[in-house]
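*Asks:* Once you've looked at the hints, dock chain S against the given chain A.
As given, the protein sequences belong to chains A and S, one line each in that order. The opening residue of the first sequence carries number 836 in the working numbering; numbering runs sequentially from there. The opening residue of the second sequence carries number 836 in the working numbering; numbering runs sequentially from there.
Simulated from the structure, these hints should not be mistaken for lab results. Watch out, some of these pointers could steer you wrong.
Pairs count within a copy or across copies, as identical chains cannot be separated in the list.
What the hints assert, rightly or not - Only pairs whose alpha carbons sit at most 30 Å apart, straight line, appear in this in silico DSS-like list of lysine-lysine: (1) Lys1078 with Lys1213; (2) Lys1193 with Lys1213; (3) Lys1030 with Lys1220; (4) Lys1193 with Lys1173; (5) Lys1078 with Lys1381; (6) Lys842 with Lys1030.
There are 2 protein chains.
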Amino acid sequence: MSIDRTKIRWNGWGWAAHKDALGAREDIWAWLASELGMPSLLATPPRPLDDIPLPPPRLDADTRGELVAMLGPDRVRDDAYERAFHALGQSYHDLLRLRAGDLTLAPDAVLYPRGSDEVLALLAFCAERDVAVVPYGGGTSVVGGVSAAPGAFHSVVTLDLSGMDRLIDVDTAARTATAEAGIYGPALENALAAKGMTLGHFPQSFEFSTLGGWIAHRGAGQGSSRYGRAEDWLVGAKLATPKGLLDTNGFPGSSAGPQLNDVVLGSEGAFGIVTEATVRLHPQPGCHDYRGYLFRDFATGAAAIRAAVQDELPATMLRLSDAEETRFYRAYGAVGKKRGLKDRLAQMFLDTRGFDAKACALIAGFEGERPMVEASQKHFAAIAKRFGALSLGRGPGERWREGRFHGPYSRDPMMDRGLGVDTLETATRWSNIDALYAAVRGALDAAMRETAPRPGAHGVVLAHISHSYNDGASLYFTYIFPRALDDEIGQWRKIKTAASDAIAAHGGTISHHHGIGEDHLPWMAQEKGALGLEVLRAIKQALDPKGILNPGKLIP
Amino acid sequence: MSIDRTKIRWNGWGWAAHKDALGAREDIWAWLASELGMPSLLATPPRPLDDIPLPPPRLDADTRGELVAMLGPDRVRDDAYERAFHALGQSYHDLLRLRAGDLTLAPDAVLYPRGSDEVLALLAFCAERDVAVVPYGGGTSVVGGVSAAPGAFHSVVTLDLSGMDRLIDVDTAARTATAEAGIYGPALENALAAKGMTLGHFPQSFEFSTLGGWIAHRGAGQGSSRYGRAEDWLVGAKLATPKGLLDTNGFPGSSAGPQLNDVVLGSEGAFGIVTEATVRLHPQPGCHDYRGYLFRDFATGAAAIRAAVQDELPATMLRLSDAEETRFYRAYGAVGKKRGLKDRLAQMFLDTRGFDAKACALIAGFEGERPMVEASQKHFAAIAKRFGALSLGRGPGERWREGRFHGPYSRDPMMDRGLGVDTLETATRWSNIDALYAAVRGALDAAMRETAPRPGAHGVVLAHISHSYNDGASLYFTYIFPRALDDEIGQWRKIKTAASDAIAAHGGTISHHHGIGEDHLPWMAQEKGALGLEVLRAIKQALDPKGILNPGKLIP
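Excised from the complex, chain A in its bound form (with noise of 0.2 Å):
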């Protein structure tokens, strides 16, 4: 196994030996407590697993035995560590279960599956024995797409196909890879990198997904820009299912028919499990350049990111913040510095050149061999002072890449303070933008001041346009808000729901890159409608027709 899941933290973010370098911040705390109306914070720890009792695992001793039979009894796991850690992902109502200790959705078993074959004996025999099977790559899932529900089976064994995480084979000529699914992102990137490559999926959660996770989810990196989603970079997969083996073959273009990639893209282990697949790889970029801009508001920013995309800018990324999370990140930077004379006259040729409260920052990234990249950069650099922005150089952007990975770090120390951290995101058409950014801020700013635990607190919420296209965008919300700590769940469901319903009203699909899971199945029938809805069943029905893949995830 590439990643010794014992150096995970079980219960929230990446290394357990991950030092926490805002515990002693008390300065940044207090800041953080003004920002929410609260006069102080409160301590939240987590319960530690030595004092959460597990459910008794419900395999019966015969099906374990023939498990064990078959995999061995290393690779049949059933101790509470392993349990505890499969038991959900990382969404923010994953981690008040598990913080709170409900492990009531720990799997039965957890079974470490080597090579497509394995995985195809193991869903023949589960489908046979009435067992759920739940597949997990990294269990990075932020929508609750992993966690280990029996569904209307009587037990549930989890599929950890972290075992898998062989490069099978580089084509230079053709620039694709066959890996593994199982394989982890820097495991992945580093035997490229090996042979002058890169696929370039580069998700927030890259240190700790993995490739078949990705596909899975239907995903999209922070450079998708440049590399593609994941419907764009795969070529072919191998899913595994109940009734055999689906290998869709894939071409690099073909118009024989619905193409089965786009069966497997999404399918969220749902329709089967990715065990091995084949994708398009680029060179590795001879360079980077990743500069900050500060534009006068969301809508010139927005305007400026779509003249780049339709002007054809092989942009990397085109990261525009909103003017609360500009303004955010830069009080939250602030915090425990001295305001000298040079901040005092950066701030007035600021004013005098009129970029108030409403000023957004932007990252503009590009990557590849370095005349292209200059070229692009000096290219956005002219669309950014035509639509009135000022230039702030490499800073800000070498700042982003270094802590492009370190975000979700610092959602548990705010869990362990009384506070709650979630993000949500969706994608629409360029002329649409403006208004499902308002209806979603607004209803995630209402939603959070009536869940607030006491009168005058609320919350904060940050957003940006993180992903562009010739027709539309993508939207991200984070929204940080003090914890009902009466009705913790609640709270979320309220606020989520309260968002999900703005997207929903307001053209926007219910997920631009975290996938479907459970947290979004309420608003699944309205972005598929009855009949699509129908289609996805159907697939279902003909590849996994007792149900016992991943149940409550996808469909509804």
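*Replies:* Leaving out everything else, chain S in the frame of chain A:
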């Protein structure tokens, strides 16, 4: 209706009034006979419609009456011309039957609906009455996609969508347009051009094919490197099915499970009928630059294309003829022309530079804003030079553009003279192109020799790379052969089978942009796998439980 059906040939290509430029060129026909090892060509005119008995319409009077009540008498047609016109498409197999007067598959009536609601009502009615339904856009399928086969049903109607040809909306910010599916290529492009935009989808059938057809067969235009394949430019579609309307409601990007657009694309009228679509646009290109190059051999030309594509060169088209196609068109162009001193000097120049019978012509096309077009053209010229190519200037590029939609017109005069001409296409990874090319060429050549009507007669095989991708390219084959008049259809089937078996055995897709229809059905099981076919059947069952839609296409 945007094109009067009586002005189009019912048993051949294009405008009935189109003048046969080859008619009087006896020198061309003599040359072609010698190319095929034939002493001379035969006269094999098609059977005139007046002379062909049509099967009596099988709709009962009550059903016909109800249809007339729904649409009015003008939009329910069953005169001989309408039925003959809609009996078959434009495949070689179709033309053999039409010219021989085999109208067994004439539909019992042709319906002209207007709008999604009428199509939905007709589908519900036909499902209730057990009447098969064949959708018909421009009818240009070259794989048997529109033949009015009743399948297991007693009667069959064709739904001609040409009355649904409105451009409904253009969103200039998102650069998208929504149109009814029956709109013809030129009507759509003219309406978009009035707003400074283009879809840029220009298949060879452009003048006589429709938006809905492009989506239903998952097509790719000649400039798809720039403008994308149907799956790239489709934002959302309305699919009318016997179970109701599936509105795919697309987004710029979404990870809300499998995307329903992907079920519409390539569905070939077997899942439903595309009634409306929203598509991604580009600005009208400010300029274009199409030029010719000569490479020493096919492998070198292919390597140059691969280098250009993998260098991210924004080409609109890179089209590499193989040596035989290069030779054939050069010889064709020289027929009847005196070979002067200039020609001899040019040949000497080529000889001394090592361009012999293996030389291959390439057309490199660029469209867009002038600076990008000029830079890209220069970049490609540098790549071509690096691979030892000779620049032929703009002449060949402009000639290709002028004739880009004319190819199909030359088929009818060949068919009139005892010749067969068919095309097929595939795609594979770069690392597999040479092997696939050799296998298909060999199979076609052998099968045409085997089925030749006399000893020594044979066919010619012309091939080109027409579309290229980061990971691979398409191969397009045109083959011309003397017909075995005693068993024309058997001869075609043998040749088609030999080539298709070679494609399937050598890692190609059975179609890169023509689709499946009836002709490619036998190779679907290998391409999709048994379980893949089950998925397609399950989707069909969900949308068209009785199976009334386009019987005998797409799914074996």
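*Asks:* For each hint, tell me whether it holds in the structure or not.
*Replies:* A quick look at each hint next to the structure:
1. Lys1078 with Lys1213: Neither: 54 Å inside a copy, 53 Å across copies.
2. Lys1193 with Lys1213: within (25 Å within a copy, 44 Å between copies)
3. Lys1030 with Lys1220: Classified as between; 28 Å across copies, 39 Å inside a copy.
4. Lys1193 with Lys1173: Result: close within a single copy only, 24 Å intra versus 75 Å inter.
5. Lys1078 with Lys1381: Result: close both inside a copy and across copies, 10 Å intra and 25 Å inter.
6. Lys842 with Lys1030: within (29 Å within a copy, 59 Å between copies)
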